[in-house]
Every structure is written in structure tokens, then in C-alpha cells.
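Given next are the chains, with one letter for each unit.
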Amino acid sequence: MLKIAKERLNDLYAKINESMGLFIPIKKAGEVNYHVWGEGKEVSLETLKTVKSPKNMFFPQSENMMKFKTEGKNIEIIDVRDEKRPFVLFGVKPCDYKAIEVLDKVFLADPVDSYYQSRREATTIVTLACSKPEESCFCKVFGIDATAAYGDVTTWLDDENLYWQANTEKGEALTALLKGLLEEGGEAEVAAQQEATKAIIDNLPFSNLDLSRFKPENLNELFDDPAWAEMSEACLGCGTCTFVCPTCQCFDIRDFKTSEGVIRYRCWDSCMYSDFTLMAHGNSRTTQMQRFRQRFMHKLVYYPSQNDGLYSCVGCGRCVNKCPQRLNIVKVIKTLGGKNND
Amino acid sequence: MINETLIPKIGVITDIRKDTPDVKTFRVVGTDGKKLFQHMPGQCAMVSIPGVGECMFSITSSPTNEEYMEFSIKKCGCVTEVLHALEVGAQVTVRGPYGKNFPVEEDFKGKDLLFIAGGIGLAPLRSVINYVRHYRANYGKVVIVYGARSKDDLVDIDEIQNEWVNEPNMEVYLTIDRPQDGWDGHVGFVPAYVKELGLDPNMTAVLCGPPIMIKFTLAGLLELGFDKSRVYTTLELRMKCGVGKCGRCNVGDKFVCKDGPVFRMTELDELPDEY
Amino acid sequence: MKDVELKMLERAKELLASGEVARVVGWKKGDFCYDPSPAVFKTVEELENGFVYDYFCGANLSKYLIDVSKKEGKTAVFLKPCDTYSFNQLVKEHRIKRENVYVIAVECMAKLDIEKIKAKGVSFVTGVEVVEKDVKVSSLYGETTLYKPEIVLEKCAVCNKTHQVKDEEIILHERPVRDVNRFAEVEKLEAMTEDERFAFWKEQLSKCIRCNACRNVCPACSCIKCVFDNPNSGIAAKANDSEFEEKMFHIIRAYHVAGRCTDCGECSRVCPQNIPLHLLNRKFIKDMDGLYGEYQAGESSEGKTPLTSYTEEDKEPNDVFNGEAK
Amino acid sequence: MQDVTTEKKEFTPNIVAFCCNWCSYAGADLAGSSRLTYPANVKIIRVPCSCRVNPMFILKAYQQGADGVILCGCHPGDCHYVTGNYYTRRRMATLFSFLNYMGIEKERTRVEWVSAAEGARFSAVMNDFVKTITELGENKRLSDLRVKEGE
Numbered sequence: 189m190l191k192i193a194k195e196r197l198n199d200l201y202a203k204i205n206e207s208m209g210l211f212i213p214i215k216k217a218g219e220v221n222y223h224v225w226g227e228g229k230e231v232s233l234e235t236l237k238t239v240k241s242p243k244n245m246f247f248p249q250s251e252n253m254m255k256f257k258t259e260g261k262n263i264e265i266i267d268v269r270d271e272k273r274p275f276v277l278f279g280v281k282p283c284d285y286k287a288i289e290v291l292d293k294v295f296l297a298d299p300v301d302s303y304y305q306s307r308r309e310a311t312t313i314v315t316l317a318c319s320k321p322e323e324s325c326f327c328k329v330f331g332i333d334a335t336a337a338y339g340d341v342t343t344w345l346d347d348e349n350l351y352w353q354a355n356t357e358k359g360e361a362l363t364a365l366l367k368g369l370l371e372e373g374g375e376a377e378v379a380a381q382q383e384a385t386k387a388i389i390d391n392l393p394f395s396n397l398d399l400s401r402f403k404p405e406n407l408n409e410l411f412d413d414p415a416w417a418e419m420s421e422a423c424l425g426c427g428t429c430t431f432v433c434p435t436c437q438c439f440d441i442r443d444f445k446t447s448e449g450v451i452r453y454r455c456w457d458s459c460m461y462s463d464f465t466l467m468a469h470g471n472s473r474t475t476q477m478q479r480f481r482q483r484f485m486h487k488l489v490y491y492p493s494q495n496d497g498l499y500s501c502v503g504c505g506r507c508v509n510k511c512p513q514r515l516n517i518v519k520v521i522k523t524l525g526g527k528n529n530d
Numbered sequence: 242m243i244n245e246t247l248i249p250k251i252g253v254i255t256d257i258r259k260d261t262p263d264v265k266t267f268r269v270v271g272t273d274g275k276k277l278f279q280h281m282p283g284q285c286a287m288v289s290i291p292g293v294g295e296c297m298f299s300i301t302s303s304p305t306n307e308e309y310m311e312f313s314i315k316k317c318g319c320v321t322e323v324l325h326a327l328e329v330g331a332q333v334t335v336r337g338p339y340g341k342n343f344p345v346e347e348d349f350k351g352k353d354l355l356f357i358a359g360g361i362g363l364a365p366l367r368s369v370i371n372y373v374r375h376y377r378a379n380y381g382k383v384v385i386v387y388g389a390r391s392k393d394d395l396v397d398i399d400e401i402q403n404e405w406v407n408e409p410n411m412e413v414y415l416t417i418d419r420p421q422d423g424w425d426g427h428v429g430f431v432p433a434y435v436k437e438l439g440l441d442p443n444m445t446a447v448l449c450g451p452p453i454m455i456k457f458t459l460a461g462l463l464e465l466g467f468d469k470s471r472v473y474t475t476l477e478l479r480m481k482c483g484v485g486k487c488g489r490c491n492v493g494d495k496f497v498c499k500d501g502p503v504f505r506m507t508e509l510d511e512l513p514d515e516y
Numbered sequence: 648m649k650d651v652e653l654k655m656l657e658r659a660k661e662l663l664a665s666g667e668v669a670r671v672v673g674w675k676k677g678d679f680c681y682d683p684s685p686a687v688f689k690t691v692e693e694l695e696n697g698f699v700y701d702y703f704c705g706a707n708l709s710k711y712l713i714d715v716s717k718k719e720g721k722t723a724v725f726l727k728p729c730d731t732y733s734f735n736q737l738v739k740e741h742r743i744k745r746e747n748v749y750v751i752a753v754e755c756m757a758k759l760d761i762e763k764i765k766a767k768g769v770s771f772v773t774g775v776e777v778v779e780k781d782v783k784v785s786s787l788y789g790e791t792t793l794y795k796p797e798i799v800l801e802k803c804a805v806c807n808k809t810h811q812v813k814d815e816e817i818i819l820h821e822r823p824v825r826d827v828n829r830f831a832e833v834e835k836l837e838a839m840t841e842d843e844r845f846a847f848w849k850e851q852l853s854k855c856i857r858c859n860a861c862r863n864v865c866p867a868c869s870c871i872k873c874v875f876d877n878p879n880s881g882i883a884a885k886a887n888d889s890e891f892e893e894k895m896f897h898i899i900r901a902y903h904v905a906g907r908c909t910d911c912g913e914c915s916r917v918c919p920q921n922i923p924l925h926l927l928n929r930k931f932i933k934d935m936d937g938l939y940g941e942y943q944a945g946e947s948s949e950g951k952t953p954l955t956s957y958t959e960e961d962k963e964p965n966d967v968f969n970g971e972a973k
Numbered sequence: 005m006q007d008v009t010t011e012k013k014e015f016t017p018n019i020v021a022f023c024c025n026w027c028s029y030a031g032a033d034l035a036g037s038s039r040l041t042y043p044a045n046v047k048i049i050r051v052p053c054s055c056r057v058n059p060m061f062i063l064k065a066y067q068q069g070a071d072g073v074i075l076c077g078c079h080p081g082d083c084h085y086v087t088g089n090y091y092t093r094r095r096m097a098t099l100f101s102f103l104n105y106m107g108i109e110k111e112r113t114r115v116e117w118v119s120a121a122e123g124a125r126f127s128a129v130m131n132d133f134v135k136t137i138t139e140l141g142e143n144k145r146l147s148d149l150r151v152k153e154g155e
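If you read the sequences in order, they're chains C, P, E and F.
Take the first sequence: its letters are residues 189 to 530, numbered as in my numbering.
Take the second sequence: its letters are residues 242 to 516, numbered as in my numbering.
Take the third sequence: its letters are residues 648 to 973, numbered as in my numbering.
Take the fourth sequence: its letters are residues 5 to 155, numbered as in my numbering.
One or more hints might be untrue.
Computed far set for chain C versus chain P, every beta-carbon distance over 10 Å [claimed, not checked]:
no., residue
1, K216
2, Q249
3, F275
4, P299
5, D301
6, D347
7, A376
8, D398
9, P404
10, A468
SDA-like cross-link-like pairs, simulated, lysine to any residue; straight-line CA separation at most 20 Å [what the hints assert, rightly or not]:
no., chain 1, residue 1, chain 2, residue 2
11, E, K854, C, K257
12, P, K350, P, Y309
13, C, K445, E, D876
14, F, K110, E, I899
15, E, K854, C, E448
16, C, K403, P, D494
17, C, K403, P, E511
18, E, K780, E, R745
19, C, K445, F, S147
20, P, K275, C, I265
21, E, K951, F, T87
22, C, K257, P, A378
23, E, K676, C, K229
24, C, K320, E, I882
25, F, K144, E, E850
26, P, K250, C, G260
27, E, K872, C, G470
28, E, K854, C, L233
29, C, K445, E, D966
30, F, K110, E, K951
31, F, K110, E, F845
32, C, K229, E, V805
33, P, K469, P, N443
Covered stretches of chain E (chain F as the covering partner; in silico rule of three or more C-beta atoms under 8 Å from a C-beta of chain F) [said to hold, decoys possible]:
no., region
34, 733 to 746
35, 797 to 810
36, 840 to 852
FYI, nobody ran anything at the bench for these hints, they're computed from the structure.
Note that beta-carbon positions come from the ideal geometry of N, C-alpha and C, so glycine has one too.
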């Protein structure tokens, strides 16, 4: 275990920034989100939940995929993919890290999504274990240990130091780069913090949600549950939950006409939107209830059914905090999950 | 740089055939004049016009055609409208093939086959019918029931009347919804016609057409004693990526683009009713 | 507050039990003390199990009536003073079937903003108790007293609204009319230079994730198909793909609700990135007040708005900046 | 060092002029037939009435590369549809003030009333507007970078 004094973190960022990009929680216009680091930026590692999850590091809200030049009847396709420069994604919370694994199963499955893959491969992930979980956190429900070592490097933060442990080759390489800044020590502090945090987590109000009913064999039973209508009644059909969610990965592919040709780009999309499934001859989901149901069924039943039981929710609690009308996956789990959730 | 499925190939339209007032069949090859890629019957491809949009279409031509691919496309939305306005020589982009094909090499082999199509629903079936014709010895008797609103709406009537009807051990039954001058064939809806024909329930059936036709035809087939596990159909939902990532065509634990579009009726029974 | 809640619950139960209304639109308890959701109650039992009215019921229920009022039977709805303006405006725009709605105007007493409480360093909030301007916040880590004006929703901080729906039932205390300047922030921006204002909005709007929460919650945004959702409009977009689109969306949205926006503040309340969207709408309100005379949308369910009327003496556009003629 | 003066000289702005069919478009016609000149970089879009112009049109024009947008209609009181331009006046007054509030230069957008008989005025208005925008420089604050990609 290595460590660095909190006051010297800026040196650490600067050192990383010398040879690669650094994507880190930064406060901008009052809100903390992952941004590219630069001297003078206000880094906020203490922020438990960035508004947007770090997924936009690999799967940006909007990205150009290719360009077309058209001349008469002819089309030329221009590949705009480029070599990605190495990046460090710093301060990722354990839940957000597990969410990246959820995304991996989608984007890295055959056929591989090269846009995602190139960023993923060029990135070293430095996680930051939690020490002050909130009442909206429920990662434990999904088997995530918020104090444990995930990612290429894991760090723990207390009032004095940042503790550092490399877990992978990529992580070792990064550690080697920062050799001069890190010193030995910290095992005892980290162990103490882990113990204290686990005690908090065990007592969180959502830590004991029961997911046992959400399994593939109950798919149709859950789908037909009359409770969806009531649960979705207040849903505005906005995309807040989707866009702040670290595991939502639906996207749209669209064309933008410029004076010189066409840019084909993809951007985040939300199954909560009425035009998500709209086709020229109809729409398979015409009511907000159906759209609401789709989002939660996908997270709790469809995705696990396709991925050996892995849920497409990591309990980060962003939707709990951000839904304008306070609807969220916890309420769904409590309503449909059976009596153990009362 | 590694291959990326979302980046399409360029296709050149070498022929456009107007099948019905709102259906055209486009013949497409690569810029080198060769077929763009190999596929199996029932598989689809994403065709796009840059600046307009990209849509999933069933590949209508048989995989046994080594020269080109064909798409029968009905005019019904933004992209298809622009496609219909294209002329021979125009370029489009094509990527694929996507989806699961009909089990022509597995479950269909050695079986008597029944194909039931309505309107543009013939498009995906034409591919498999011609495939079966090509490897005729591998399959038993073939019965085709095809219906449309009027005789002008029957897609690809030339091929049907000139080739299919003359094929040995192959029966073709055509029907249109309402009586029409110049039509001396059967008049009536497909589901009713299917029941009238009193088909052998031991055949393996493939249905393709508007949802309402599928619903009633399936009911008819079950009445005749067909087994759901030997009835196939295709689904259609909005798609963007074609490879099960964009999330759009998700029904239950399936993605229509990747796990479909061909589904066995028993598989559909397990899916939530949202397609 | 508790007495108001009890009165409301009692009244709602009466109305449902007597069959006078088929449903009641109100708020339902959440998992914490601060996360009630809007809900439609259909039975007395549902009311007993979940009905709540407290300092966190900030949501404006009027927009739900667009759908609910078209259902069979009457609907009772609880509206806070500011919500009644939105209600009137929706009635004016023929979005709500007025005869199907039974309005109960309820006391507000300024709603609290949990994000502001959390920003004060209090987490794990388990309850609040309001005594005048002091809010005793209890949390898992102990009790803290916060100054209420600092932790209320933006819309409540500058509220001087009184209930506007006539001839309906009222569960209301006497409200003092307050002297507040809701345009103070707008004036601050107006006093900046063009460059500073540009920088301010650029930074604020760059946070926008285009989740459409502001639009979908807005009672004035009641178009059946929004232009930003219409694929044929040429501007339909799912995510902000450029800085321009961020501005485009917010300018057009603010403009489209200009003259109809009642300043209910829901857009700012729901924004996940806390963009001060109310400053956009208030600019229009302030300009129109200055140029065409004071007007408060939703004060009545009749009459014309500043942008659907005119006088021959109106100021020329080239001469108008910061809402004042040159 | 960049030569600021030469750079300014090279800049020819793209101007979009929305002209109402009944007065201003006819005014432009008259300017043409009277051999009065106005800069060629003014692109006229004919609209049935100045009040047809939705704020979206103006933003779209900026997105697609306009450096200045001018809206011309009949003089107040002379609208072919009687009251159309009175509404325009209120709409544009509030919109312009709002755009400026967002930090968009106030000179960039303008409304002028030009009648069918005012060919000379049309020409003068356009010349003046082009001059103003040329001095103001390129539209950067309401432009869409993607539009210019590949240029």
C-alpha cells in the first residue's frame, strides 16, 4: 500500500497530466461532474455522486461515428475514428466501476463496438472507495463492496491522505509513473476506514432490499403485474433517470447535415421517451406505463436473463436523488419484490 | 483500425423494379460490382441514405444468388420515401447481415413447408422460398399461400406466376381481399383461405405479414391441428444499431435485431406481449 | 403543517367515500421524509396508506390534470397557491376539462429543498420540524437548526402568490403578502457586460444533459407533440450535440412559454444539474412587464397574454434592450 | 502577430433577410429594378408576413452560418393581414432583448419596416446592416461548429 498527503494531490494530477489525460470529478457551475483536468480546476473527490456517471468517458453523450461526402449519386464514407490517447479515469466509485462492467458486457460483446473499446483500452481506471455512503446508496444489494479494491488502481481517502493500491498491470504502470510522489504505508488506516464504512453500509435503509423475485422465470408474471400502472402514474417521461444512470446504454444514431456532407453521430437515448420505439407504421410502446416498465424490467429482469443473472443496476442511487417526481428503482423493487421488502 | 460493424459499405443500385403502387424492389451490389456480403434466408441489412436515415430491411433475394442482393421496400416513412425517389446508379450504404435466419439447414430439412404471406410480408419469404427451390431435393412438398389487398398489391407476381407455379411439388395459392376486374383467382382474407384449403397440419409453417393477419392465421392453423413449435414468423421493431446494443428493439430478454427477426411461435409465447 | 395535512386527508376521504369524486390527486409518502411523489388516489384505503402533505411537497400537480381530467368522473386536486396559476393557465388553453375538476386550494408555507439542506452538510435527513424561520433538521448524525429562507425551493424564496382559483374549497391560513423582488437575479445579469452574460450562460447551459425534465414537468409545455420531438422539424435532437443545441433548446423553450409561464419554478426544481432555468423565464416576464404593462400569467383563466395582443404604440425591437426602450 | 486589419477586410458576412411578401420583398424588387445596389451576401427569404417568422427560423439561420439576421415587414399599420406586424414587433422586441440577455450581440439581429415603394430604403437598410455586421465580425456565439466542419 502506498499513500500521498492530501495537500499534494494537485502534484499527482499534474504528474499524470504530463503524459496522459486525466478525467476527474470537477466542480463547474456549482455541479460536480467528470471533466478533463487542468491546472486551476476545482477537483472534488469528496463528492459521493457526480451528477452524470463516468460512463461518458467511454460512451459520450454524443459522438461522431463517421462522415459521408456525397457527390451526385456517389457516396464516400470517411472513418473518423482515431487513436485514443491514454487517459486516467480518476475517483471512480465502486458502484460506478461495476457499472462499467455492465456496459462492457454490452459494448464489448460480439460484434465489438470499436468506439467504446478504443476508449476503454486507452483508459486506466483509478477507483476511490467510499467512506461516507448516503441514505440513497444500495450497492450492497447488488453484491458490491464499496470499500473494496476495484479497477486498475484503488484509492482510499481520509482527512490526511490518499491511499493507493495497484491491482493490474495498467495500474502498476501508472504507479511506476508516480513513483516519486507516493510513499509506503497506510494499511492500518485503510483497514480501519473499511471497517467503519462497512458498519455504515450495513445500516443503510436500502441495504437489505430483496431481489429474489427478479429472475428470468418470473419475467411474464412481473411484466403483467398490475402495480406498474400505479407506479408509473406520476412519471413525466423525461430522461433524467436514464441520463444520470451509470448503466443505461441505449443510444440513437442520427445524421447531421453540414455544408460539406453528413455527420453520422450517436447520442444517448432513453426508453422513457415516446419516440424511442416509434416506427413509420406504429409504436410498440404507446403509454408511459409501458415505457416505465421497460426501463425497470430491463434493469432487473431482461438484462440479468441475458447476462447470467447480473443486474443492470449497481445501486448508485442517482435516480433516487434526481428523479423530479421521486420515482425510482427502489420503489419498484419494494413494490414488486415481495414481502421481504416491506 | 479494427473492423466496425456500424460503419457501412457502399452499395450501388443497379436495378429498380416497381412491384406494386407502393413497393419497389432494389437490386444492390458493391462498388466493385460484386455482391456485398453473404447472408442466409430471413436475415436483414441496414440500408441508409446519408442525411436521411438508416433502416432495417429484410434481404429479399436468395442467398443462392451470387451476383447481387435485392430489397423489396414499401414506401411508408421518411427513409423509404427517399429510397423510392432514387434512380438506378444511385448509391446507398448497406451493412449486415443481421439477425437469425430461418432454420433452413436444420429444422426445415426434409420437411413439407407451408409459407403464408400477406402484402409486403412476402419479402422475407421470397428469400427462403427461392433458397428451398435451389436446394429442392432437401425439402418435401412446398405450399405457398399469398394474399394482398388487390392484385396490384401482390409483390413480385411475375416470378410467382412464371416460375413458382411451374415448380414440381410446389403449390401456389393466391388471394386478394376484394373482388376486382381481371382477377379470376380466389377472393378473401388469408386466414379464411388457409382454413378453406384444409392444409396438412404436419407441415412446418412460416407466417409473415401484418400483425392482424398473423394473429388470425395462427388461430386458423392451430384449429387445423398445427403445432406451435413448427410455426415460424418474423418480428419487426424499430432498430438503430442492428447488433443488440442500442436497446431499441428489446422485447423481454430478446433483441429482435440479434435474436430475431425469425421467431418460433413457442418462443413468442414466452415473450411479453409488446411487439 | 400537520393540521393542514389532516384536514386535507379528511376532506379527500369524504369526497371519495361519498362518490363525489372518482379520484384525488395528491402526494404519496416516499421512502424518506423528503421524497413524496405525486399520486392519484382512488380509494380511501390508498389515502390512509400513503397520503402525505408536508414541507417537501413542492411538485406542482396541475399538469397531471391534463390527462386525469379527461377520465370518467370528477377529480379532486390539491393545489398550492402557486399551482393555481398553472391550473388557470391550463384551463385557459383548454387543456384541462374544468368541469371535471374539483380544486382544493391548500396552504403552502414554503417548501424545502433537500438539495439545499444536503449542501449545508446535513446528510441522512430523517425529519424536519419548522418553527417560524427555524428548521430543526434531524438526521442520523444528530440535530441541526437551519435558517428556513436559505433552504427553501427557489420558487418559494421569492413567492408572493396567493391562490387564484375562484369558487372552490380552501384549506388555507391567512397569507401575508410579501414584498419580494423576484427579478433581483435577472437584474444582476442585466448589469453584466454582454461577454460576462455570454460566459455565464455558456457555463450554465454546458451542464445541460437534455433530459427534458424541465420541459416535461412544465405546465406551460403542454404541446401534444413538441417540436423537439418531431423528426420532421429538422431540429429534433436527443442529446445536445453542440453548444448551439444547448442554447437553441433553452431559448426556444423559454420563448414558447413566454407570456404563459406563471413562474411556478418547476423547471429549476427538477433540473438534475441545477441550471437556474427560472432566470430565463423571468427575463421574459420582466421584459414584458416593463414594455407592455404588468401581467401575471394564470391570474385568470381568461384574457390575452402580452404576446397575443398589441398596441399601436409598442416600442420598436431595435430600440429595446434589457426590457427598456433606448 | 496576426494582422487584425487585413483579417477584418476579408470577412464578408452571411446575411439572412426575412422579407414579407407584400411590402419588403416588393421593396427589394423595386430596389433591383431601380438599379439600386445592396450587397450580394444578403440572402433573402420570402415569408408571407413578417409575423410568420418563428424565433426558431432566426436561430436556424445562425446555426447554418448566418452572421446577421434582419427581418423586414410592412410598416406598422400597413400589414396586408392588418395586424401581423404588430405581433412581430412584440415578438421580436422580447426575443432580441432575450438574446442579448444570453450574451448575443444586440446589433446582430434587426427589424426594419420597408414598404413596397421604398426601394431606396431597402437598399440603404441592407447596406447599413451589412456594414454593421462586418464591423461586428463573425457570428461565434450562435454558431454550430459542426456546420462548418470540413470547410
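Here is what the structure says about each hint:
Distance check on C/K216: its Cβ is at least 29 Å (rounded) from any Cβ of chain P, clearing the 10 Å threshold; non-interface status holds. Every CB of chain P lies more than 10 Å from the CB of C/Q249, the least distance being 15 Å, so the non-interface label holds. Its beta-carbon lying about 19 Å from the closest one in chain P, C/F275 satisfies the requirement of being farther than 10 Å from that chain. C/P299, annotated as away from the interface, has a beta carbon of chain P within 10 Å; the closest lies near 4 Å.
The non-interface label for C/D301 is inconsistent with chain P: the shortest C-beta to C-beta separation is roughly 6 Å, within 10 Å. With a cut of 10 Å on Cβ distances, C/D347 stays outside the contact zone with chain P, its closest approach being about 43 Å. Under the 10 Å C-beta cut-off, the non-interface status given to C/A376 relative to chain P holds; the minimum distance is some 45 Å. Every C-beta of chain P lies more than 10 Å from that of C/D398, the closest at about 21 Å, which supports listing it as non-interface.
C/P404, annotated as away from the interface, has a beta carbon of chain P within 10 Å; the closest lies near 7 Å. The claim that C/A468 lies off the interface is violated: its Cβ sits roughly 3 Å from the closest Cβ of chain P, which falls inside the 10 Å cut-off. Of the pairs offered as hints, the one joining E/K854 and C/K257 is violated, with about 32 Å between alpha carbons and a cut-off of 20 Å exceeded. Between P/K350 and P/Y309, the direct Cα distance comes to roughly 25 Å. Violation of the 20 Å bound is thereby established for this hinted pair.
Distance check on the hinted pair: C/K445 and E/D876 sit about 18 Å apart at the alpha-carbon level, within 20 Å; holds. Note on F/K110 and E/I899: the hinted pairing holds, with a Cα-Cα distance of about 18 Å set against a maximum of 20 Å. A threshold of 20 Å between alpha carbons decides the hint, and for E/K854 with C/E448 the separation of about 29 Å lies outside it, so the pair is violated. As the CA atoms of C/K403 and P/D494 are separated by approximately 11 Å, the hinted pair is consistent with the 20 Å bound.
Between C/K403 and P/E511, the direct Cα distance comes to roughly 14 Å. Compliance with the 20 Å bound is thereby established for this hinted pair. Restraint check: the Cα-Cα separation between E/K780 and E/R745 comes to about 37 Å, which exceeds 20 Å; the hinted pair is violated. Simply put, C/K445 and F/S147 have alpha-carbon atoms about 14 Å apart, close enough for the 20 Å limit, and the pair holds. For the suggested pair P/K275 and C/I265, the alpha carbons sit about 18 Å apart, so the restraint of at most 20 Å is met.
Restraint check for E/K951 and F/T87: the C-alpha separation of about 15 Å stays at or below 20 Å, so the hint holds. Of the pairs offered as hints, the one joining C/K257 and P/A378 is violated, with about 48 Å between alpha carbons and a cut-off of 20 Å exceeded. About 40 Å separates the Cα atoms of E/K676 and C/K229, which puts this hinted pair outside 20 Å; it is violated. In summary, the hint linking C/K320 to E/I882 is not supported, as the alpha carbons are separated by about 43 Å, beyond the 20 Å threshold.
The suggested pairing of F/K144 with E/E850 holds, with an alpha-carbon distance near 16 Å, which does not exceed 20 Å. Between P/K250 and C/G260, the direct Cα distance comes to roughly 18 Å. Compliance with the 20 Å bound is thereby established for this hinted pair. At roughly 16 Å between alpha-carbon atoms, E/K872 and C/G470 fall within 20 Å of each other, so this suggested pair holds. Between E/K854 and C/L233 the alpha-carbon distance is near 19 Å, which keeps this suggested pair within the 20 Å criterion.
The suggested pairing of C/K445 with E/D966 is violated, with an alpha-carbon distance near 36 Å, which exceeds 20 Å. Between F/K110 and E/K951, the direct Cα distance comes to roughly 29 Å. Violation of the 20 Å bound is thereby established for this hinted pair. Our distance criterion of 20 Å between C-alpha atoms is met by F/K110 and E/F845, whose separation comes to about 12 Å. Restraint check for C/K229 and E/V805: not satisfied, since their Cα atoms lie roughly 33 Å apart, outside the 20 Å limit.
For the proposed pair P/K469 and P/N443, the alpha carbon gap of about 11 Å is at most 20 Å, so the pair holds. With 0 residues carrying a beta carbon less than 8 Å from a beta carbon of chain F, the region 733 to 746 of chain E misses the three-residue requirement, and the given coverage is violated. A stretch counts as covered by a chain when three or more of its residues have a beta carbon under 8 Å from one of that chain; for the region 797 to 810 of chain E and chain F the count is 0, and the coverage is violated. With 9 residues having a beta carbon nearer than 8 Å to a beta carbon of chain F, the region 840 to 852 of chain E meets the requirement of three or more and the stated coverage holds.
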